[in-house]
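One line per chain: the protein sequences are A and B, in this order.
Start counting the first sequence at 1; every next residue gets the next number (the numbering used here).
Start counting the second sequence at 1; every next residue gets the next number (the numbering used here).
What the hints contain is simulated information worked out from the structure, not anything from laboratory work.
Do not take every clue at face value.
Below 27 Å or equal to it, Euclidean Cα-Cα: the simulated BS3-like pairs (lysine-lysine) are [stated by the list, open to error]:
{"no.": "1", "chain 1": "A", "residue 1": "Lys59", "chain 2": "A", "residue 2": "Lys5"}
{"no.": "2", "chain 1": "B", "residue 1": "Lys81", "chain 2": "A", "residue 2": "Lys59"}
{"no.": "3", "chain 1": "B", "residue 1": "Lys45", "chain 2": "B", "residue 2": "Lys81"}
{"no.": "4", "chain 1": "B", "residue 1": "Lys296", "chain 2": "B", "residue 2": "Lys311"}
{"no.": "5", "chain 1": "B", "residue 1": "Lys80", "chain 2": "B", "residue 2": "Lys45"}
{"no.": "6", "chain 1": "A", "residue 1": "Lys5", "chain 2": "A", "residue 2": "Lys189"}
{"no.": "7", "chain 1": "A", "residue 1": "Lys65", "chain 2": "B", "residue 2": "Lys3"}
{"no.": "8", "chain 1": "A", "residue 1": "Lys120", "chain 2": "B", "residue 2": "Lys3"}
{"no.": "9", "chain 1": "A", "residue 1": "Lys189", "chain 2": "A", "residue 2": "Lys9"}
Listed next, the stretches of chain A that the computed footprint assigns to chain B, with coverage defined by at least 3 CB atoms under 8 Å from CB atoms of chain B [stated by the list, open to error]:
{"no.": "10", "segment": "58–66"}
{"no.": "11", "segment": "78–90"}
All C-beta atoms, glycine included, are put in the ideal place defined by N, C-alpha and C.
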Amino acid sequence: MDQAKNFTKGFIRENPVFILMLGLCPALGTTTSAFNGMGMGLATMFVVLMSNIVVSLIKNFVPNKVRIPCYIVIIASFVTIVDLVMAGFMPALHEQLGLFIPLIVVNCFVLGRAEAFASKNTLLSSVIDGTGMGLGFTFALTLLGAAREILGSNAIFGLQFIEGDGMLVFILAPGAFIALGYLIALANKLNKQ
Amino acid sequence: MAKRESTFFNMVLALLTVTLVASASLGFIYELTREPIEMARAARKNNAIRAVVPDFDNNPTEERYTIEAAGGELVFYPAKKDGELVGTAVETFTNRGFSGTIRLMVGLLPDGTIHGIEVLEHKETPGLGDKMESDKSDFSAQFEGQNPEDFRLRLRQDGGDVDGITATTISSRAYCEAVQLAFDLYMDKDADVSYELPSRDEAVERVLADFANNPLQEDFLVMANGNEHTVFPGRRGRRYTGLAVDIYSEAGYIGPIRLMVGFDSEGVITGIEVLGHEETPGYGDLIENARSDFYKQFIGLNPGEDNIRLKEDGGIIDNISGATITARAYCEAVRSAWDIFRQAENR
Numbered sequence: 001m002d003q004a005k006n007f008t009k010g011f012i013r014e015n016p017v018f019i020l021m022l023g024l025c026p027a028l029g030t031t032t033s034a035f036n037g038m039g040m041g042l043a044t045m046f047v048v049l050m051s052n053i054v055v056s057l058i059k060n061f062v063p064n065k066v067r068i069p070c071y072i073v074i075i076a077s078f079v080t081i082v083d084l085v086m087a088g089f090m091p092a093l094h095e096q097l098g099l100f101i102p103l104i105v106v107n108c109f110v111l112g113r114a115e116a117f118a119s120k121n122t123l124l125s126s127v128i129d130g131t132g133m134g135l136g137f138t139f140a141l142t143l144l145g146a147a148r149e150i151l152g153s154n155a156i157f158g159l160q161f162i163e164g165d166g167m168l169v170f171i172l173a174p175g176a177f178i179a180l181g182y183l184i185a186l187a188n189k190l191n192k193q
Numbered sequence: 001m002a003k004r005e006s007t008f009f010n011m012v013l014a015l016l017t018v019t020l021v022a023s024a025s026l027g028f029i030y031e032l033t034r035e036p037i038e039m040a041r042a043a044r045k046n047n048a049i050r051a052v053v054p055d056f057d058n059n060p061t062e063e064r065y066t067i068e069a070a071g072g073e074l075v076f077y078p079a080k081k082d083g084e085l086v087g088t089a090v091e092t093f094t095n096r097g098f099s100g101t102i103r104l105m106v107g108l109l110p111d112g113t114i115h116g117i118e119v120l121e122h123k124e125t126p127g128l129g130d131k132m133e134s135d136k137s138d139f140s141a142q143f144e145g146q147n148p149e150d151f152r153l154r155l156r157q158d159g160g161d162v163d164g165i166t167a168t169t170i171s172s173r174a175y176c177e178a179v180q181l182a183f184d185l186y187m188d189k190d191a192d193v194s195y196e197l198p199s200r201d202e203a204v205e206r207v208l209a210d211f212a213n214n215p216l217q218e219d220f221l222v223m224a225n226g227n228e229h230t231v232f233p234g235r236r237g238r239r240y241t242g243l244a245v246d247i248y249s250e251a252g253y254i255g256p257i258r259l260m261v262g263f264d265s266e267g268v269i270t271g272i273e274v275l276g277h278e279e280t281p282g283y284g285d286l287i288e289n290a291r292s293d294f295y296k297q298f299i300g301l302n303p304g305e306d307n308i309r310l311k312e313d314g315g316i317i318d319n320i321s322g323a324t325i326t327a328r329a330y331c332e333a334v335r336s337a338w339d340i341f342r343q344a345e346n347r
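Produce the complete structure using the sequences and hints provided.
Here you go:
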């Protein structure tokens with residue numbers, strides 16, 4: 001496979017959120033602001049990348065029937081590592097994202113990459129896939145978070161550009177679904193062209 | 001290397017290896033990060049203490065003391081300069097937030113004036129409830145320099161002096177409550193009592209305005225609307241001064257509400273206490289005297305002349321926003337109490 005294409009596919013063509021519709025739980029729950037979305041995206045990217053590396057390394061050692069439990073253990077370990085390291089060395093960031101980090105374990109997008117890609121491809125391809133897909137996920141979450149923050153709080157990355165409250169519904173759960181719906185429609189339109 | 005067969009041995013080996021390596025590396029990372037995490041946590045607490053009290057030169061954490069209250073524990077960190085107390089940081093909490101526990105660090109000067117408040121922990125809605133954090137809105141600034149002795153720690157809509165956060169009534173209420181708890185305990189008041197419903201005996205004494213006898217020993221039963229109700233007469237000498245009526249409403253939002261309503265000899269309401277209810281925390285429970293001024297509008301009214309109904313039902317009582325059914329049941333119970341008062345008068 002063309003490695004450049006492998007890298008860029010995560011942004012629009014196979015974007016985990018807009019096209020594959022994986023990992024929607026954290027995508028909806030954490031994107032109340034662009035910063036939160038980006039932080040969650042980057043933390044997930046680290047986990048996808050690391051689990052892709054390990055899974056592609058041990059793909060021949062793990063028998064088919066127990067591959068899913070093995071991948072889950074690997075993913076859960078990396079998530080815990082991210083959680084602990086962040087709490088110890090980046091307490092300010094951890095305070096912002098602390099609640100969301102454990103959610104990465106149940107993110108089917110991470111398991112999906114391990115199962116659908118890393119377990120069938122070489123180490124290099126898996127690294128490129130993990131980075132590309134992780135960036136695509138970060139891109140999607142940041143976009144969704146920015147859209148909700150602009151509409152809901154009249155701000156972007158915490159910078160207020162109009163005084164007062166925005167449309168509060170976009171901060172709450174229904175607004176997440178509304179914003180995501182429109183972004184999915186947009187991504188599908190771009191994909192068709 | 002070809003993919004390994006799914007034999008029993010291979011499966012056990014793979015799972016064993018993966019879990020062993022995973023747990024070993026997690027143990028290693030845990031050891032590595034344990035100290036930094038503890039330091040970060042302590043630093044956060046220290047920063048919060050520093051932010052809410054005036055300059056100090058002692059170690060408040062070493063001199064901390066705790067008081068148990070409201071089903072938990074409040075930690076007091078005395079801040080001293082040159083050996084003299086300049087303020088106390090109180091780590092307080094409430095379980096009545098919109099999504100669970102809220103922990104605050106409240107800085108109080110020796111006379112009880114609020115010097116500053118920082119949020120330590122909460123799970124409120126991002127973008128709404130989290131505006132209680134001092135760097136996200138000015139909400140906490142309105143408390144600074146105020147003494148809860150004359151600054152009522154309740155939202156304006158509940159009869160207090162605090163401007164709530166838009167669309168975040170429950171979080172704002174919970175915040176005020178946690179601050180109140182810190183203040184009450186610091187000033188050595190029995191804070192637990194103020195948020196607990198009174199017992200029947202306490203309520204009788206509180207709702208009757210004027211009595212010299214022991215109403216509890218002179219209680220009798222009155223039949224009204226097909227039910228028996230206990231009433232407690234107040235007397236001064238032989239003169240009859242009032243009556244306390246123990247009454248259940250028909251149905252509140254969840255279940256019946258039990259009130260103790262006090263009347264003077266003319267039938268004017270002298271006091272009301274809520275004895276029991278199961279209404280929604282944050283909404284219906286505002287009928288409790290400790291939580292809002294709802295009950296105050298009844299005092300001085302005479303149900304024989306005044307229409308004890310909500311304004312939307314054609315009466316004169318202001319509703320509790322978000323708790324119409326509860327407020328309506330409360331009014332209904334007060335009217336029933338008056339019926340009983342009339343019955344008892346005939347004896």
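Hint-by-hint comparison with the structure:
At roughly 23 Å between alpha-carbon atoms, Lys59/A and Lys5/A fall within 27 Å of each other, so this suggested pair holds. Only pairs whose Cα atoms come within 27 Å are accepted, and Lys81/B paired with Lys59/A is rejected, the gap being roughly 64 Å. As the CA atoms of Lys45/B and Lys81/B are separated by approximately 19 Å, the hinted pair is consistent with the 27 Å bound. Straight-line distance between C-alpha atoms of Lys296/B and Lys311/B comes to about 16 Å, which keeps the hinted pair within the 27 Å bound.
For the hint pairing Lys80/B with Lys45/B, the CA-to-CA distance comes to about 17 Å; that is within 27 Å, so the pair holds. Straight-line distance between C-alpha atoms of Lys5/A and Lys189/A comes to about 20 Å, which keeps the hinted pair within the 27 Å bound. At roughly 12 Å between alpha-carbon atoms, Lys65/A and Lys3/B fall within 27 Å of each other, so this suggested pair holds. Restraint check for Lys120/A and Lys3/B: satisfied, since their Cα atoms lie roughly 11 Å apart, inside the 27 Å limit.
Between the alpha carbons of Lys189/A and Lys9/A the distance comes to roughly 16 Å, so the proposed pair stays at or under 27 Å and holds. Check result for the segment 58–66 of chain A against chain B: holds, 9 residues qualifying (beta carbon to beta carbon below 8 Å, three or more required). Three residues within the 8 Å Cβ limit are the bar, and the segment 78–90 of chain A against chain B gives 7, so the coverage statement holds.
Violated hint for the displayed structure: number 2, the only one.
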